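**Student:** Sequence:
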Amino acid sequence: MYKAEPAVEEDAEVILYAPHITEASYTHKRFIDQIGYHCCEYFLKQWPRFAEIPLGVIAHSTHLRGRGSYDVERGIEHSRIKVTLATGISAKKCCSLNLDYLDPNSIDFGEWQGREAEGIKFIARAGETLYRLKKATAMST
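When the letters of the sequence shown are read in order and numbered with numbering that gives the first Met the number 0, they come out as residues 0 to 140.
Keep in mind that the hints were calculated from the coordinates and are not lab data. This one's a predicted model, so the numbers in the text were calculated from it and none came from an experiment. Don't be surprised by glycine CBs; every beta carbon is placed ideally from N, CA and C. Honestly, I wouldn't trust all of these hints.
Taking lysine-lysine pairs in the DSS-like style, the calculated list, with each CA pair at most 25 Å apart, reads [what the hints assert, rightly or not]: (1) Lys44 to Lys28; (2) Lys44 to Lys81; (3) Lys44 to Lys120; (4) Lys91 to Lys28; (5) Lys81 to Lys92; (6) Lys91 to Lys81; (7) Lys28 to Lys92; (8) Lys81 to Lys120.
Pairwise CB distance ranges (calculated) [what the hints assert, rightly or not]: (9) Arg73 to Ala125: 17 to 25 Å; (10) Val71 to Arg114: 37 to 45 Å; (11) Ile106 to Ser68: 28 to 36 Å; (12) Ala123 to Leu43: 21 to 29 Å; (13) Thr21 to Ser68: 28 to 36 Å; (14) Ile75 to Ala50: 21 to 29 Å; (15) Gly113 to Gln33: 37 to 45 Å; (16) His77 to Gln33: 18 to 26 Å.
Start from the sequences and build out the full structure, keeping to the hints where you can.
**Tutor:** Set out below in structure tokens:
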């Protein structure tokens, strides 16, 4: 997700389609199952709670979740982007990891393609490219 985040609009949704994936992380399963996926501020504002978690695992968590904020007093996290998994990971498991779920069998790619004017961008193999926005330039009239 971190590769596409700079080009994704605030409060948009990124759907990661990979029905062959059945675990969020085989390498760090125990820790990821414990902490889930959150923005960096979520961890930093509660650091004592996560001090025993390896930093690489926290980095993995924040890279998937992207930027956001965390209100300690209210216990509310606000992510800049909604991250939805359309994978072999169950809806219940996605929820426990702080991620949204979409049944991968319900996806018809044809319904998503060619809809840029509606704000829907379909990118096959989006994880292969690092995206950046060009700076806006003043248009002459």
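**Student:** The structure should be examined with respect to each hint, and the outcome stated for every one.
**Tutor:** Verification of the supplied hints:
At most 25 Å may separate the alpha-carbon atoms for a hinted pair to count; lysine 44 and lysine 28 meet this at roughly 23 Å. With a CA separation close to 21 Å, the supplied pair lysine 44 and lysine 81 stays within the 25 Å bound. Between lysine 44 and lysine 120 the CA atoms are separated by roughly 34 Å; this puts the pair beyond 25 Å, and the hint is violated. A C-alpha spacing of about 16 Å is found between lysine 91 and lysine 28, which places the hinted pair at or below 25 Å, so the restraint holds.
In summary, the hint linking lysine 81 to lysine 92 is supported, as the alpha carbons are separated by about 16 Å, within the 25 Å threshold. As the CA atoms of lysine 91 and lysine 81 are separated by approximately 17 Å, the hinted pair is consistent with the 25 Å bound. Proximity of lysine 28 to lysine 92 is assessed by CA-CA distance (about 12 Å); at most 25 Å being required, the pair is judged to hold. The suggested pairing of lysine 81 with lysine 120 holds, with an alpha-carbon distance near 15 Å, which does not exceed 25 Å.
In this structure, arginine 73 and alanine 125 break the distance hint of 17 to 25 Å, their C-beta atoms being roughly 33 Å apart. Against the hinted window of 37 to 45 Å, the Cβ-Cβ separation of valine 71 and arginine 114 comes to about 39 Å, which satisfies the hint. For the pair isoleucine 106 and serine 68, the beta carbons lie near 30 Å from each other, so the given range of 28 to 36 Å is met. Range check, alanine 123 to leucine 43: about 35 Å between beta-carbon atoms, so the 21 to 29 Å window is missed.
Separated by about 31 Å at the C-beta atoms, threonine 21 and serine 68 satisfy the suggested range of 28 to 36 Å. Between isoleucine 75 and alanine 50 the beta carbon distance is about 22 Å. The supplied range of 21 to 29 Å therefore holds. Distance hint for glycine 113 and glutamine 33: a CB-CB separation of about 41 Å, consistent with the stated range 37 to 45 Å. Restraint check, histidine 77 to glutamine 33: a C-beta distance of roughly 22 Å satisfies the suggested window 18 to 26 Å.
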